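Q: So you can see what is in the structure, the chains are spelled out below.
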Amino acid sequence: MKFFMFHLMPYRDLPDDFEEHHDSAWVWVPNELYDPETGAGYYREYLDQLAYAEELGFDGVCVNEHHQNAYGLMPSPNLIAAALTQRTSRVRIAIVGNALPLYDPPTRVAEEIAMLDLMSGGRIIAGQVIGGGPEYYSFSINPAEARTRFAEAHEIIMRAWTQPGPFEFYGEHYKLRYVNTWPRPLQKPHPPIWIPGVGSLETMEFVARHRYAYMGIPYFHIDFFKKTYRLFKRACEKEGYQAHPEQMGLLMPIYVGETDEEARREFEEHFWYFQRKLIPGILLSPPGYTSVQSALRIFKGVESSFISGVKTWDDVEAGSFATVGSPETVFEKLAGHLTDLGAGNLLTLMQLGNMPSDKARANMTRFAEQVMPRLAEAFPDAAEPVPQQVAFPDEQFAVA
Amino acid sequence: MELQPTEVRGHTIQVAVGGDGPPLLYLHSAAGESYVWLDVLNGLAAHHAVHAPLHPGFFGSEGVEDIHDIEDLVYHYLAFLDGRDWERVDVMGCSLGGWIALEIAARYPERVGRLVLAASAGIRLPDVPMQDMFRLQLGQEDQARALLFHDPSHPMARLVVPTFEGIDDETLAAFVSAMAATARVAWNPYLHDPRLEGLLGRVTAEALVVWGQDDRLIPPAYGERLAELIPNARLELVPECGHLIWFERPAQLLEAALAHLGAAAPA
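Listed in order, the protein sequences are those of chains A and B. Just so you know, our numbering puts the end of the first sequence at 487, numbered straight through with nothing missing. Just so you know, our numbering puts the end of the second sequence at 1651, numbered straight through with nothing missing.
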């Protein structure tokens, strides 16, 4: 099992009556609510927490990308990753961002990730994401172009990293006369690619074909993930191989207390801050962003299986929207989920909502000391190596 | 009314056709009203052979993947006119359909006879913001009705914007698909084409511009401006009416349209 500490870097000071006056913490949430003095402190605290994860023995840290929102204040995950290259020396740095369609030309992403890979000594995991619905409002990018822009940008970046330049790229969206990225990444043939998905088959098939890693988008009922990972494993089988555990990641909020009662007492208010104030707006779905079928599925599935529909603590427990309890309880629950899903990457959200730093750090410490070793023992790393990722399954070319 | 499948540039689209008389091309709004053949269309069909093609992406009209901006719709409809052997035809367009009609009339003025524009999109007034129709999500039907109607409790409001909770898949899919098709051309720049304003001086058609006095999506100032920019145009405001005139005040819209088109009809 590989353990990652995932951070959202949320804004913790939305007013108590925020949800009475705002239906969304995204896109239109007035930035007058943001206090830069407080915010500066948050970046210090959050970077400290991620650096602390290395001390505690985590295998990696994860940063992510969102724009114009209070939910996650890393509009540039690459900046945070750059800071982390200097604050850490061992952990993997997974950038579960760079929403490719937002960057024109996408060679900018190829350049920055290559820089980060070099600056970190080859520790970067390169997420490549389409970007959530809200980002298409925030960037005024046509949601109808989300998928095709992603596909083209992906191809440009992978070619920029692996094929000799300069070369020309003429696509529907990007017309680049000279692609010739300097520097090139340190890892060969390129940093590992992670791709998140909400369960669409097209994404799974794409990930399976390239032997990339698939990360289920969080905050759904645990049964939703079980179905998702079954489908992903089947997609890999269709490609003629068994999904490797490290091709799959489970992301969820986790809180470890001394006892079950203390854990809930310490954690619950932060969960509700997160769920009531920060989540609304996350599912904004601009027209054309998904296929009609997916739009229907999401619209109908949200009430029953997404975190926004959760009303009581019993709902939280029943759907495993967060894993909370004593070290023993958290171990048992996570072991159950990881067995069911077959995932080999556990992405832990240890700071949630308005949880203050001392509490988040205590949570991390208890998890690392009392849960992580037991999970590591129960889920030893697979003997077989992770499948070699293939950027261009249909092509033969020399990798420099 | 009958739905006639028609080939346009290699794709099959659906065309609602009805009535007798001189031909009239009716270009529908994002609400896709041609499919349900409204009162307005019925009334027009009493005097005209009304041809109301569904835009690609609406109710079974194919080829939306080839539509990337408003200009693609201009060439789509030029091909449609050619297919009908119409060198020149009267055109009525509502909202999105009005925008398409304006683009055709400005670029190919010789193809358009008389022109009726109802609450037409197409230009932008920097000082008069339009509301964002794409901001509303499934589940916000109350807000949608308030945005589109003067009186959100108007009986048509519930028909045009049904409550989506528990609705049948087919209706929901048609709505999602129509909104996606609209966003393809209207997402950014939002509901307008920055080049159009400068081209409107080319329009030779006599134009009637009809606007709901209480249009919250595209305020009446847009109607006033269009009537200024189109060389031969007249503005008619409909009181106590929101954006969807063809749903909220169909009788007034029909009367104005027929009066305007009738003068051009051959005896």
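None of these hints come from the bench; they were simulated from the model. These numbers come from a predicted model, not from an experiment. We treat Cβ as the ideally placed atom computed from N, Cα and C, and that holds for glycine. Heads up, a few of these hints could be off.
To be verified - Quick list of simulated restraints, FRET-style, between CB atoms: (1) A/Pro253 / B/Glu1494: 45 to 51 Å; (2) A/Glu348 / B/His1452: 45 to 51 Å; (3) B/Pro1406 / A/Pro480: 26 to 32 Å; (4) A/Gly423 / B/Leu1387: 50 to 56 Å; (5) B/Asp1469 / A/Arg296: 34 to 40 Å; (6) A/Arg352 / B/Gln1527: 37 to 43 Å.
Unchecked claim - Partner residues aside, some chain B positions facing chain A, computed with beta carbon under 8 Å: (7) Pro1510; (8) Met1514; (9) Gln1515; (10) Phe1518; (11) Gln1521; (12) Leu1522; (13) Asp1553; (14) Thr1555; (15) Leu1556; (16) Ala1557; (17) Val1560; (18) Ala1564; (19) Arg1568.
Q: Confirm or reject each hint.
A: Hints, verified against the model:
1. In this structure, A/Pro253 and B/Glu1494 meet the distance hint of 45 to 51 Å, their C-beta atoms being roughly 48 Å apart.
2. For the pair A/Glu348 and B/His1452, the beta carbons lie near 58 Å from each other, so the given range of 45 to 51 Å is not met.
3. Against the hinted window of 26 to 32 Å, the Cβ-Cβ separation of B/Pro1406 and A/Pro480 comes to about 58 Å, which falls outside the hint.
4. In this structure, A/Gly423 and B/Leu1387 meet the distance hint of 50 to 56 Å, their C-beta atoms being roughly 55 Å apart.
5. At roughly 49 Å, the beta carbons of B/Asp1469 and A/Arg296 sit outside the given window of 34 to 40 Å.
6. For the pair A/Arg352 and B/Gln1527, the beta carbons lie near 39 Å from each other, so the given range of 37 to 43 Å is met.
7. Checking B/Pro1510 against chain A by beta carbon gives a least distance of about 16 Å; that is not within 8 Å, so the hint is violated.
8. For the restraint placing B/Met1514 at the interface with chain A, the shortest Cβ-Cβ distance is roughly 14 Å, beyond the 8 Å limit, so the hint is violated.
9. Because the closest C-beta pair between B/Gln1515 and chain A is about 13 Å apart, greater than 8 Å, the hint is violated.
10. With 8 Å as the threshold, the beta carbon of B/Phe1518 comes within range of chain A, its nearest partner Cβ sitting at about 6 Å, so the hint holds.
11. Interface hint status for B/Gln1521: upheld, as the beta-carbon distance to the closest one in chain A is roughly 6 Å, under 8 Å.
12. A distance limit of 8 Å between C-beta atoms decides the matter here; for B/Leu1522 the minimum to chain A is near 5 Å, and the interface restraint holds.
13. This hint holds: B/Asp1553 has a C-beta 6 Å from the nearest C-beta of chain A, less than the 8 Å allowed.
14. For B/Thr1555, the interface hint is violated, since its Cβ never comes within 8 Å of a Cβ in chain A; the closest pair sits about 11 Å apart.
15. For B/Leu1556, the interface hint holds, since its Cβ comes within 8 Å of a Cβ in chain A; the closest pair sits about 6 Å apart.
16. Restraint check, B/Ala1557 versus chain A: the minimum CB separation of about 5 Å is within 8 Å; hint holds.
17. A least Cβ separation of about 5 Å between B/Val1560 and chain A falls short of the 8 Å threshold, and the interface hint therefore holds.
18. Among the interface hints, the one on B/Ala1564 holds; its C-beta lies about 4 Å from the nearest C-beta in chain A, closer than the 8 Å criterion.
19. Using the Cβ-Cβ criterion of 8 Å, the hint placing B/Arg1568 at the interface with chain A is satisfied: the shortest such distance is roughly 5 Å.
Hints 2, 3, 5, 7, 8, 9 and 14 from the earlier list are contradicted by this structure; the remaining hints agree with it.
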